[in-house]
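Mind docking chain B on chain A? Use the hints.
The lines below spell out each chain.
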Amino acid sequence: MKTILTIIVVATVVLVAVGLLGAGQTKTGTIGFASGAVLPGLTTKADTPEQAVTNLLKDVQKRRWNAAYEALSKTSGVDEQTFREEWQGSNGSLRTFSNLEGSELRPVHATNDDAQIRARLRWTTPVGPTEDVRDFHLHRESGIWKVVWPKQQVESVPAQVVPVTYLRWDLVTGDGKDEWGARNIDPPHVRIVSMNAVNSAEGSVVMGEVVNEDTVPAFVNVNATLVDGAGNAVDDENSFDKIDHVLLPKQITPYRIDFPGIDLGKVKNVRMDIKASLVPASADPVIGVMDQKIEADVQGRSVLRGELLNQSGQTVNIPHVIVSFYDNNGKVIWVSDGYVDRALQPETSEPFSVDIPRTLAGKVQSFHVVVNQYSLGKS
Amino acid sequence: MSWSTNTVWANRRMRRLLRNGSGIVATLSLAGGMCAAQDLRAPSAMTAGEAATISTTGSGKATFYLVGPGVANKSDISLGSEISLRAQDLRDSGQYFATLCSDSCHSASFFVMPAKPANLAFLVHPSRVPVAASDAVSGVAIAFDQFGNLVRDPGTVNFQLTAGKASLLSRAVTAHDGIAWFRATSGKSAGPLQVVASLGDLSARRNVQEVASEPCNLRITGQRTKDGLMVETEPVHDCAGNPVPDGTIVSFTATDASGKSTVDAPIKRGIARAEIAASGPVVVSVASGVAMGNELRMGGGQ
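Chains A and B, in that order, give the protein sequences. The opening residue of the first sequence carries number 1 in the working numbering; numbering runs sequentially from there. The opening residue of the second sequence carries number 1001 in the working numbering; numbering runs sequentially from there.
Hints were generated in silico from the structure; no laboratory data involved. Keep in mind that a hint or two might mislead.
[What the hints assert, rightly or not] Derived lysine to aspartate or glutamate pairs resembling EDC-like cross-links, with alpha carbons at most 20 Å apart:
(1) K1226(B) with E307(A)
(2) K1188(B) with E213(A)
(3) K1268(B) with E307(A)
(4) K1268(B) with D284(A)
(5) K268(A) with D291(A)
(6) K1226(B) with E213(A)
Computed from a prediction, not measured in an experiment: that's the story for all the values here.
In isolation and in its complexed conformation, chain A is listed as follows:
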C-alpha cells in the first residue's frame, strides 16, 4: 500500500513538471499565460541567437510583455512602454488590431558575441494577413543571447495650432414634398481612364485608373465581369479595397480587381462597370508622399519605398497606399497596395513600401502613388 502511494505521488509530480515545462514550449495555442509575466525558469534558455529571438517572439505572441522586455539586452535603449507600443501599436493604428501569427527566422551573420537574425513576421489584421521583415541584433551576455532593441527616433512635434480652412461637402436630402423632377441631383461623373487585363501567378487581374471629372466628391467602385467566347460570364468581382473609394474633384485613383484561379486565356471579353454616388467628404487631411524610390529590399525584391507626411493637424489611424506602375508607353502594368501599420501623427512622417512583382520590375518606368486613409470616428 505504501509503495503504491509513493508511486502515485512521484507520477503526479513528474506529470505536473512535464505539463509546466511543455506549456512554455508549445508551438501553437495559448496554453498557460495569455498575458503578464511568465513563471521564472520555464522559458528555454537562449543558448543560441535563434533561440533568443524565438523566445522573444513567443513572449510577444502571448503578450507576456514583462518577460519579453526583461529578456532584452541591457544595452537596449528603449523603455518598456515604447517597446510595448512598437508591438502593440497605438493611436488606433492597424497594429492595434493585429496579432502576430508566426515567424520564420534566418541567420544573417554571427560571431561569438554578436549576431543578426532576419525574421519574417506574419500578422493577422482586419485587412488580411500581412508580412513584415525585421532584422534583430543580438548580443551574448553572461553566456545568454539577448536581443538588442534599438531606441526608435520618435519625431517630436512641438505643440502648435494648425490652421485649417476646412473644406467639406455635405449632402442635404430633401423632404420629398417638392414637385416631380424639381430636386434631382445627378451622381458624380467619373470615368475609367485606363484598363489592362493580365495573367498573374494567382489568376487574372484587371487594373487601371479612374478619374473623378466632376466638381463634387464621388464614392466609386469598379466592377469587372469576365466573359468567355460563348458570351457567358465567367466571374464577376469588384475592386474591394484596391481603390481609393472617395475621390475628390479631379482626383485619380488606381484600381485592381483580382480573379483568383482564372486563366485569362479563357476570357474573350471584360465588361467594366463603374458606379459612383454622391458622398459627404472632406478635403483634409493632406498626406504628402515623399522620397519615392524603387529599390531592392533586404530580400532582393523590388519595392517602391517612400515616406508619408501628414500635413494636417489630425491623426490618420490607418494609412493605405495604392500605387499604379506604368511602362514606357504610359500603360498601367501593375497596381500594388499596402497598409502602414503605424498611425500617422500630425506633421510627422512614416515610411512605407509596396511590392513590385519580380516579372514586372524591369518594365516599370514610372508610378503614381495615392494615399487612402481610415480614421477612427469617420466614415
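Coordinates of chain B only, in the frame set by chain A:
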C-alpha cells in the same frame, strides 16, 4: 335555340362578365345586336372632370353600368330619362362603356378627353454641367390636367435658358404626343442656369449648376523653405476664365536626387498649395485631373 333563350343566356353571360370586369367589348357587341326595346345615347366626347348626361329611350326600370379607366358603377334608373354622370366618375381620360340592361342589354362607348393643362412636369438634365459643353443640357416638358391625365395636345411649350441676365436660349417647341423637349449648349460662365418651361399660364423652373471646366494654363510658382519647397499655383481657372471650384485636387510632383515626392492638395480659395521635402536641384510639375501645368526647375541654391 330560340331568340328569347338566346337573349336570356346572353344577359346572364354579360352580367357575369361585368361582375368579373372583363370581356366588355365582346359582351356589349353581343348585347347591342339583340335588343332594341331601349336605347341609350352618349356624347361622342366628354371632358375629364366635367359632369355629363346620357339620354335613354324606352320605359320601365333598368340597370345602368358605367365602366371606364378607374371607375365601375352600377345603378338603377328609369328608362326614358337622362342618366347623370357625376364629374368625379369621369376624372380619368380614356374610353368608357355605358351599358343599360332591362329585358336585354344595350351599350354605347364614349371617350373622355383630358381637361386643359394644369400642371407641367419638367425634367432637366444634368443638374451640374461644365461650361461651354455642346448639347449638354436637355429638358423634357409634359403637360397634365388637374386630374393627372396626360394632355396629348397641349400646344406650344416655350423654353428659356437664362444665365445671370444673359439669355442663352429661347425656343418655342410644339408638343408631340404631349411631350416637348429641347437640347442646348451650356453657357460660358459658371453659376446657376435658370431653365424655364412655360405653357400658357403654366410655367416650371429648374436650376442647373454650371461649373468650371477642366483647369487651363495651370501655372505654379515656388520658393525654398528650411524644410524643402513651398509651391503654389496661380489662381486656377478653366479656359473660359471661370475659377475652378475649391476642393479640386491639384497634384504636385517634385523630382530630386532622392526620388520623387508627390502631394495631392485641394484648391483652397482658388489656389492649391503644397509643402514638399526636397533638397538640391529639383523639378516640380503640376497636374489636375488630365490637365497638365508648367514645370518649375529650382537649383540647389535657390
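Hint by hint, here is what the structure shows:
1. K1226(B) with E307(A): holds, 18 Å
2. K1188(B) with E213(A): holds, 18 Å
3. K1268(B) with E307(A): Distance ~25 Å between K1268(B) and E307(A) Cα, so the pair is violated.
4. K1268(B) with D284(A): Within the cut-off at roughly 11 Å; holds.
5. K268(A) with D291(A): violated, 41 Å
6. K1226(B) with E213(A): violated, 36 Å
Taken one by one, the earlier hints fail for this structure at numbers 3, 5 and 6, listed in ascending order.
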